[in-house]
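Enquirer: From first to last, the protein sequence lines are chains B and W. In the numbering used here, each residue carries its 1-based index in the first sequence increased by 77. In the numbering used here, each residue carries its 1-based index in the second sequence increased by 77.
Just so you know, these hints were derived from the structure itself, not from any lab. Please note: incorrect hints may appear among the correct ones.
As the list claims (entries may be wrong) - No farther apart than 25 Å at their CA atoms in a straight line, the calculated lysine-lysine pairs in the BS3-like style are these:
(1) W/K149 / B/K118
(2) B/K135 / W/K118
(3) B/K79 / W/K79
(4) W/K149 / W/K105
(5) B/K135 / W/K107
(6) W/K195 / B/K101
(7) B/K79 / W/K104
(8) B/K105 / W/K79
(9) B/K104 / W/K118
(10) B/K79 / W/K135
(11) W/K135 / B/K107
(12) W/K136 / B/K195
(13) B/K107 / W/K118
(14) W/K149 / B/K79
(15) B/K79 / W/K107
(16) W/K136 / B/K107
(17) W/K195 / B/K136
(18) B/K118 / W/K118
(19) W/K79 / B/K101
(20) B/K118 / W/K101
(21) W/K79 / B/K104
(22) W/K148 / B/K107
(23) W/K105 / B/K118
(24) W/K104 / B/K118
(25) W/K101 / W/K135
To be verified - Quick look at which bits of chain B chain W covers, simulated, 3 or more residues with Cβ under 8 Å:
(26) 78–85
(27) 104–111
(28) 236–249
The C-beta atom is built at its ideal place from N, Cα and C for all residues, glycine as well.
There are 2 protein chains.
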Amino acid sequence: MKTYLDCLPCFMGQALRAGRIATKDEKKIKALLDDVGCMIKEIPMDNTPPETGDFIYKKIREITGVFDPYKKIKEESIHDALKMYPGLKQIIKNSDNKLLTAIRIAIAGNIIDFGVNKTFNLKEDMQQILKQDFAIFHFKQFVEHLERAQSILYLGDNAGESVFDKILIEELGKPVTYVVREIPVINDVTFSDAMDSGLDHVANIISSGCSAPGTILPLCNDEFIRQFEKADMIISKGQGNYEGLSSVDRCVFFLLKAKCNIIARHLQVREDDIVLKASNI
Amino acid sequence: MKTYLDCLPCFMGQALRAGRIATKDEKKIKALLDDVGCMIKEIPMDNTPPETGDFIYKKIREITGVFDPYKKIKEESIHDALKMYPGLKQIIKNSDNKLLTAIRIAIAGNIIDFGVNKTFNLKEDMQQILKQDFAIFHFKQFVEHLERAQSILYLGDNAGESVFDKILIEELGKPVTYVVREIPVINDVTFSDAMDSGLDHVANIISSGCSAPGTILPLCNDEFIRQFEKADMIISKGQGNYEGLSSVDRCVFFLLKAKCNIIARHLQVREDDIVLKASNI
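Please model the complete structure; the sequences and the hints are all you need to start from.
Expert: What follows is the structure in structure tokens.
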């Protein structure tokens, strides 16, 4: 997905929010916004938004000297999600369609996103998404691919959401490789966040090699690319991964909540809709 | 009021919205955002936000070649407001406190603001604001000043809202000078908009000399400054005028709806609160 004009003010807003989490020094935050402002004219509009995100979060690290501003937030998100784990497992146990319920739970986890300008209430939003209609619902194709698959590549998105990914992986019943970001960016899931979420018990965890808040193939490492090419089934969580992979010539199952109107328009759904979309089928 | 860090992404959003109203040429809008982005580092944070607004809207005129992008929108707003005029006059006629009801109506008109990132429904919002509690309510002082005043200077804000200003001016019962912007900026009221709103029947209309979307005294003309100094009572509508005059050493009655959280925090109220605030009393 390319960069839209609406993304440009949003980049400034992201820089402000992240800058405030990294430091209380208003002068450093102003310096960050000055640099991001100047960067606008350098942004190729055919870049995907996470590629620009990569530059912004590098700038945040550079100006504030803080490598992982969202560390504490991520720990809290994982803690909160782990507390919900037993109750959600019970919901799945009592469910008529365990796989579909697990998919809903994994999508609900996608609200734990500090990159977008939205607040969330994990428990309330979870209840709502468990009942919400899908705007795109390629569940039949998902089941067909899953039945045939010997190996599944699962692209993680946010820390905390990763605990709900574990719940879905437990229902998939197939060998899964779980993919994390190379280094901390926003609240995206890294290797240590995935370990803290218990994903090592259900999946092989690898890094995409990408430091952007999304999966940008030209920025990924060889191991990931190999797995991306050979995996029987790819499950991609969240907006950042969708933005990076929406034009890729490969079947990918995108599980996400459309949290901004640009993504929503691109998917031809409405903002706040939930989506299970298979590309290239 | 100074510029806050939160204002910086908002300037980019304003440029995008205004650029889209001025032109359909995405390249021109991108050029505008590039320029506004680069301008961020030049913005003195002790400037008031409308001073930066002045630069942005100059840039819009320069890049798009459109002098008054909001012309049609302003005409429609005035048209819609004039249609409501008879009904609102009837509400005042049936009201226990005609002056207070007219103040509410004038504040409700302040929602017609295309500078902020909000949508509005004139009729519904009017009904709501007619019942809404004030977060700051210096009505007693307003009445005392009004009774003693021989001359009132009334600073207009938006076109359309100007029709509701006329309704308040009719209840003031004193000679009023109505102040408009020097040239079109966003949907702010200009001389011709004030004429179209019928304000020439109830007030003497003058320009502040200021092209910014607010009243910035150092940018105003001599005639306005003279009137500002000698007026017995000053009524100021809207956010832009408040941002320009909040620190001025002069009693000003600010009538507005707090449409962004920065203004709300500055006034120590909540977003969407309505305010009748006397400064320096």
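Enquirer: Hints first: check each against the structure and report whether it holds.
Expert: Evaluation of the provided hints:
A hinted pair counts as satisfied when its Cα atoms are at most 25 Å apart, and W/K149 with B/K118 does not qualify at roughly 31 Å. For the suggested pair B/K135 and W/K118, the alpha carbons sit about 19 Å apart, so the restraint of at most 25 Å is met. Distance restraint check for B/K79 and W/K79: the Cα-Cα separation of roughly 36 Å exceeds the 25 Å cut-off, and the hinted pair is therefore not satisfied. For the hint pairing W/K149 with W/K105, the CA-to-CA distance comes to about 21 Å; that is within 25 Å, so the pair holds.
With a C-alpha separation of about 24 Å, the suggested pair B/K135 and W/K107 falls inside the 25 Å cut-off, and the hint holds. Only pairs whose Cα atoms come within 25 Å are accepted, and W/K195 paired with B/K101 is rejected, the gap being roughly 29 Å. Simply put, B/K79 and W/K104 have alpha-carbon atoms about 15 Å apart, close enough for the 25 Å limit, and the pair holds. The suggested pairing of B/K105 with W/K79 holds, with an alpha-carbon distance near 18 Å, which does not exceed 25 Å.
Restraint check for B/K104 and W/K118: satisfied, since their Cα atoms lie roughly 12 Å apart, inside the 25 Å limit. Taken as a hint, the B/K79 and W/K135 pair is broken in the structure, with Cα atoms around 29 Å apart against an allowance of 25 Å. Between W/K135 and B/K107 the alpha-carbon distance is near 24 Å, which keeps this suggested pair within the 25 Å criterion. The hinted pair formed by W/K136 and B/K195 fails the criterion: a straight-line CA distance of about 31 Å is larger than 25 Å.
Taking the CA atoms of B/K107 and W/K118, the gap is near 8 Å; set against the 25 Å cutoff, the hint holds. For the given pair, W/K149 sits about 32 Å from B/K79 by alpha-carbon distance, which is inconsistent with the 25 Å threshold. For the given pair, B/K79 sits about 14 Å from W/K107 by alpha-carbon distance, which is consistent with the 25 Å threshold. Distance check on the hinted pair: W/K136 and B/K107 sit about 22 Å apart at the alpha-carbon level, within 25 Å; holds.
Distance hint between W/K195 and B/K136 is unfulfilled; the C-alpha atoms sit about 31 Å from each other, more than 25 Å. With a C-alpha separation of about 14 Å, the suggested pair B/K118 and W/K118 falls inside the 25 Å cut-off, and the hint holds. Simply put, W/K79 and B/K101 have alpha-carbon atoms about 19 Å apart, close enough for the 25 Å limit, and the pair holds. Taking the CA atoms of B/K118 and W/K101, the gap is near 19 Å; set against the 25 Å cutoff, the hint holds.
This hinted pair checks out: W/K79 and B/K104 have alpha carbons roughly 15 Å apart, not beyond 25 Å. Taking the CA atoms of W/K148 and B/K107, the gap is near 35 Å; set against the 25 Å cutoff, the hint is violated. Restraint check for W/K105 and B/K118: satisfied, since their Cα atoms lie roughly 12 Å apart, inside the 25 Å limit. About 12 Å separates the Cα atoms of W/K104 and B/K118, which keeps this hinted pair within 25 Å; it holds.
A hinted pair counts as satisfied when its Cα atoms are at most 25 Å apart, and W/K101 with W/K135 qualifies at roughly 18 Å. Proximity of the region 78–85 of chain B to chain W, defined as three or more residues with a beta carbon under 8 Å from a beta carbon of that chain, is established by the 3 residues found. Coverage of the region 104–111 of chain B by chain W holds. Counting CB-CB distances below 8 Å, 4 residues qualify, and the rule asks for three or more. With a cut-off of 8 Å between beta carbons, the region 236–249 of chain B has 0 residues touching chain W; three or more are needed, and the interface restraint is violated.
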